[in-house]
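Protein chains: 2
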Amino acid sequence: MDLQIPALRAAYRKGLHPREVVAEVYRRIKARGDDGVWITLRPEEEVLAGLPDDPGLPLYGVPFAVKDNIDVAGLPTTVACPDFAYAPGRSAPLVDRLIGAGAILIGKNNLDQFATGLSGSRSPYGSVESPLVKGLISGGSSSGSAVAVSAGLVSFSIGTDTAGSGRVPAVMTGTVGLKPSKGLVSTLGVVPACASLDCPSVFALNVPDARVVLEIIQGYEPDDPWSRELPRRDEPIRRIGVIRGDDDWTGILARLAGLGYELVDVDIEPFLAAGRLLYEGPWVAERWSVLGPFVESHPESLHPVTAKVLGTGAGVTGADAFRGLHRLRELMSETRRTWAQVDALAVPTVPRTFTLAEMAEDPIGRNSVLGTYTTFANLLDLAGIAVPAGFTSAGGPHGVTLLAPAGADGPLADAAERFHTGMAGATPYRIRRRGTPLAVVG
Amino acid sequence: MDLQIPALRAAYRKGLHPREVVAEVYRRIKARGDDGVWITLRPEEEVLAGLPDDPGLPLYGVPFAVKDNIDVAGLPTTVACPDFAYAPGRSAPLVDRLIGAGAILIGKNNLDQFATGLSGSRSPYGSVESPLVKGLISGGSSSGSAVAVSAGLVSFSIGTDTAGSGRVPAVMTGTVGLKPSKGLVSTLGVVPACASLDCPSVFALNVPDARVVLEIIQGYEPDDPWSRELPRRDEPIRRIGVIRGDDDWTGILARLAGLGYELVDVDIEPFLAAGRLLYEGPWVAERWSVLGPFVESHPESLHPVTAKVLGTGAGVTGADAFRGLHRLRELMSETRRTWAQVDALAVPTVPRTFTLAEMAEDPIGRNSVLGTYTTFANLLDLAGIAVPAGFTSAGGPHGVTLLAPAGADGPLADAAERFHTGMAGATPYRIRRRGTPLAVVG
Chain A
1 MDLQIPALRA AYRKGLHPRE VVAEVYRRIK ARGDDGVWIT LRPEEEVLAG LPDDPGLPLY
61 GVPFAVKDNI DVAGLPTTVA CPDFAYAPGR SAPLVDRLIG AGAILIGKNN LDQFATGLSG
121 SRSPYGSVES PLVKGLISGG SSSGSAVAVS AGLVSFSIGT DTAGSGRVPA VMTGTVGLKP
181 SKGLVSTLGV VPACASLDCP SVFALNVPDA RVVLEIIQGY EPDDPWSREL PRRDEPIRRI
241 GVIRGDDDWT GILARLAGLG YELVDVDIEP FLAAGRLLYE GPWVAERWSV LGPFVESHPE
301 SLHPVTAKVL GTGAGVTGAD AFRGLHRLRE LMSETRRTWA QVDALAVPTV PRTFTLAEMA
361 EDPIGRNSVL GTYTTFANLL DLAGIAVPAG FTSAGGPHGV TLLAPAGADG PLADAAERFH
421 TGMAGATPYR IRRRGTPLAV VG
Chain B
1 MDLQIPALRA AYRKGLHPRE VVAEVYRRIK ARGDDGVWIT LRPEEEVLAG LPDDPGLPLY
61 GVPFAVKDNI DVAGLPTTVA CPDFAYAPGR SAPLVDRLIG AGAILIGKNN LDQFATGLSG
121 SRSPYGSVES PLVKGLISGG SSSGSAVAVS AGLVSFSIGT DTAGSGRVPA VMTGTVGLKP
181 SKGLVSTLGV VPACASLDCP SVFALNVPDA RVVLEIIQGY EPDDPWSREL PRRDEPIRRI
241 GVIRGDDDWT GILARLAGLG YELVDVDIEP FLAAGRLLYE GPWVAERWSV LGPFVESHPE
301 SLHPVTAKVL GTGAGVTGAD AFRGLHRLRE LMSETRRTWA QVDALAVPTV PRTFTLAEMA
361 EDPIGRNSVL GTYTTFANLL DLAGIAVPAG FTSAGGPHGV TLLAPAGADG PLADAAERFH
421 TGMAGATPYR IRRRGTPLAV VG
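Residue numbers (our numbering), protein chains in the order written: chain A, 1 to 442; chain B, 1 to 442.
Note that these hints are calculated values from the structure, not bench results. Some clues are possibly wrong.
Estimated spans, in silico, between C-beta atoms of each pair [stated by the list, open to error]:
no. : chain 1 : residue 1 : chain 2 : residue 2 : range
1   : A       : Pro299    : B       : Glu269    : 36 to 42 Å
2   : A       : Glu235    : B       : Gly89     : 40 to 46 Å
3   : B       : Glu269    : A       : Ala85     : 34 to 40 Å
In silico negatives: residues of chain B with every beta carbon more than 10 Å from chain A [said to hold, decoys possible]:
no. : residue
4   : Leu16
5   : Arg19
6   : Lys30
7   : Asp54
8   : Tyr86
9   : Ala101
10  : Leu325
11  : Met332
So these bits of chain A aren't anywhere near chain B, every CB distance computed over 10 Å [unchecked claim]:
no. : residue
12  : Tyr12
13  : Ala23
14  : Gly56
15  : Ser196
Every residue gets a Cβ at the ideal spot worked out from N, C-alpha and C, and that includes glycine.
Take the sequences, apply the hints, and build the full model.
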């Protein structure tokens with residue numbers, strides 16, 4: 001059974017019933033066993049008791065999951081920290097919107113604790129492995145959400161993305177990771193990591209599915225101070241800023257050029273410098289501003305790596321924070337020059353991949369490596385979308401992320417869809433069944 | 001000799017020479033003696049040696065002064081702290097623009113040290129008195145700049161306004177204080193107070209003069225990270241949000257209503273709460289982020305009140321700073337509801353006035369009182385203009401400040417000009433000569 005949205009729609013038109021989809025979903029989940037993907041799985045009977053009944057709804061009968069830093073009434077929100085868990089009185093508006101659109105919530109996914117990390121291996125609910133390659137990290141922090149889609153357990157999932165948590169797991173699991181412009185999708189009902197940077201994000205097997213979901217969840221929420229009425233940028237992307245890289249990357253650039261995009265070499269350094277402010281600079285204090293009181297009163301409740309990372313936030317001074325804000329403003333100003341030359345940037349989603357064993361050796365240093373090309377996006381107010389790009393010659397999954405200034409979500413998704421359409425093979429869970437790595441089709 | 005711009009222009013057309021204006025300016029300065037208005041006065045001969053020679057220039061032969069936190073090549077920048085003083089290699093672009101437009105720089109004005117304060121009595125160069133009422137503070141921090149205009153020493157002056165430094169001195173001296181939208185006038189070459197909030201501002205005797213000056217100094221500066229390409233808002237102001245007050249204030253509201261504006265009662269509390277974040281909250285750490293290293297290495301060099309205020313910035317943590325940013329975002333969101341109902345706000349520029357003696361009794365507490373209706377403007381990204389409104393029944397100067405979201409500088413100045421035009425009497429230096437307080441003409 002193909003859970004991609006157009007396939008499901010077609011099947012429903014031909015007489016499929018949502019209860020059959022739910023049964024298949026739970027069969028697949030059961031078949032995978034203890035994979036660390038779920039923190040809270042809804043009982044199958046409960047799901048079956050609340051199925052949508054209007055086939056005209058845009059997401060009628062589409063199964064989905066949410067990361068466990070997003071409130072769902074009736075289910076605990078743990079943020080992968082059992083001692084922090086609470087029972088939310090109401091669901092995040094984005095969850096209400098999806099259910100109102102006919103989608104079927106299956107459960108809540110594992111994540112790097114407090115959405116802090118890019119590896120998928122900082123959770124007391126277990127480290128999460130990519131379905132693509134044995135021993136490969138799933139990426140994080142939206143680890144379970146990405147794998148739930150990659151393994152064909154749900155049609156789409158909602159993650160969050162502050163530093164790359166919606167993009168790093170996408171490349172690791174061969175899924176599309178759509179990180180909308182900041183403020184386009186409300187973070188009401190989402191546990192803050194860095195409130196000024198947090199974005200709900202979408203994982204799907206293809207770009208059109210992710211866009212259908214975005215259409216449902218986007219929109220101004222007056223009660224959310226971080227929600228924005230963003231001017232939409234509709235001009236199509238023609239010029240793409242690029243950096244040069246190895247042969248694998250050169251193949252990806254060739255594919256972009258072959259699609260008719262004008263590639264322009266850009267200086268990536270101001271972008272990377274902005275990114276370094278997040279984990280290596282004062283923005284850790286933003287996490288600490290929310291979590292500090294809990295961490296200080298529950299020193300034993302945290303994952304040791306998370307405790308170490310968050311703890312650095314306590315040592316940041318107010319002057320450091322403002323110096324960081326000033327530095328970011330300077331870097332934002334420098335990158336404006338790039339945006340005068342190009343409509344989008346194309347970067348490798350990650351510079352390299354790691355196995356779970358490699359990650360355990362240096363969980364903080366390698367986390368920074370993973371975030372090289374993702375961390376700056378929200379600081380510099382960019383929209384982004386990560387799409388699979390086959391496998392590298394070393395055998396790991398490869399991916400490209402397209403980025404553009406906030407508001408350009410539409411044109412960015414257009415370009416991402418053109419890049420992704422016609423890539424060899426189809427969906428990650430089929431890849432796995434075939435067992436043969438994909439090559440980039442140039 | 002009337003130094004207002006149209007009068008000067010007319011006189012130049014009839015044969016007046018700039019050297020006669022300069023001579024009159026220096027006569028007036030000399031006549032006032034040691035008034036604390038100047039930190040650096042250019043020698044008259046030097047000014048005479050560099051007079052403009054193109055009568056077609058928009059500010060041909062118009063004398064002006066700048067606050068001594070603004071760089072002018074060849075003159076020291078002291079920021080009212082002699083030990084901090086330096087010799088800038090180049091002038092602030094706004095100074096170059098004014099001189100390029102034919103204006104004549106007379107000198108640099110006293111200020112509250114490091115532009116920190118609203119009283120005009122925190123400077124080793126002397127406390128500054130208002131020309132309007134014996135013993136009254138000039139207001140600050142742009143104390144000398146406001147008095148130089150009020151006393152008829154120059155046609156206009158450039159101050160700065162972070163927390164009200166361009167508006168409090170305006171009401172105290174009977175001048176117009178135009179605080180442009182943040183980022184509309186570049187702060188390049190201006191010593192930062194709170195870099196994320198600082199705005200150059202204009203003092204003049206009437207609104208049209210201030211606008212002529214703004215036209216010259218405004219504009220995007222690519223080298224300034226705080227400069228913005230602001231979308232202009234051109235819709236005229238029709239609905240003005242107001243608070244209720246005493247009889248004097250009721251008279252001002254009656255005048256606004258008489259001009260045809262629809263007055264709408266608004267909840268001012270979210271605005272005031274935003275303002276409190278500046279001196280009583282984490283933004284002091286923004287001042288400390290720039291000045292801390294100097295203050296720590298020169299503990300004896302500061303005005304004692306300034307040292308006390310700035311020192312609180314050292315105790316702010318990074319988490320405090322981010323909590324403050326989050327709180328500001330919430331308040332910004334709350335005030336959006338007000339902006340859906342009104343085009344501008346009208347507030348008293350200050351809730352009350354103080355004498356120099358009163359200010360000395362409680363220099364920090366009374367400073368906060370002075371900032372009640374000014375401090376929030378830059379935090380909430382508003383443009384503002386303070387105009388004189390005669391005298392209160394208690395005999396102090398009264399003033400109204402109009403505020404509107406960034407970009408509405410034009411419509412705001414239109415409304416301020418309508419309010420100010422036809423007020424009894426004319427210019428502050430004439431008022432003083434007459435010796436009779438003005439009443440509001442309703």
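Status of each hint after checking the structure:
1. The supplied range of 36 to 42 Å is met by Pro299 (chain A) and Glu269 (chain B), whose beta-carbon atoms lie about 38 Å from each other.
2. For Glu235 (chain A) and Gly89 (chain B), the Cβ-Cβ distance of about 41 Å falls inside the hinted range of 40 to 46 Å, so the restraint holds.
3. In this structure the supplied range 34 to 40 Å holds for Glu269 (chain B) paired with Ala85 (chain A), their Cβ-Cβ distance being about 35 Å.
4. Distance check on Leu16 (chain B): its Cβ is at least 44 Å (rounded) from any Cβ of chain A, clearing the 10 Å threshold; non-interface status holds.
5. In this structure Arg19 (chain B) is separated from chain A by more than 10 Å, as the shortest Cβ-Cβ distance comes to about 43 Å.
6. Here Lys30 (chain B) stays apart from chain A, with its beta-carbon at least about 42 Å from theirs, past the 10 Å limit.
7. With a least CB separation of 34 Å from chain A, Asp54 (chain B) remains clear of the 10 Å interface cut-off, as annotated.
8. At roughly 20 Å from the closest C-beta of chain A, the C-beta of Tyr86 (chain B) stays outside 10 Å, upholding its exclusion from the interface.
9. With a least CB separation of 26 Å from chain A, Ala101 (chain B) remains clear of the 10 Å interface cut-off, as annotated.
10. The claim that Leu325 (chain B) lies off the interface is violated: its Cβ sits roughly 6 Å from the closest Cβ of chain A, which falls inside the 10 Å cut-off.
11. Listed as a non-interface residue, Met332 (chain B) fails to keep its Cβ farther than 10 Å from every Cβ of chain A; the least gap is roughly 7 Å.
12. Taking the minimum C-beta to C-beta distance to chain B, about 40 Å, the non-interface status of Tyr12 (chain A) holds against the 10 Å cut.
13. Listed as outside the interface, Ala23 (chain A) is consistent with that label: its C-beta sits roughly 44 Å from the nearest C-beta of chain B, beyond the 10 Å cut-off.
14. No beta-carbon of chain B is positioned within 10 Å of the beta-carbon of Gly56 (chain A); the least distance is around 34 Å.
15. Not every CB of chain B is more than 10 Å from the CB of Ser196 (chain A) (nearest about 6 Å), against its label as outside the interface.
Of the hints listed earlier, those the structure fails to meet are numbers 10, 11, 15, in rising order.
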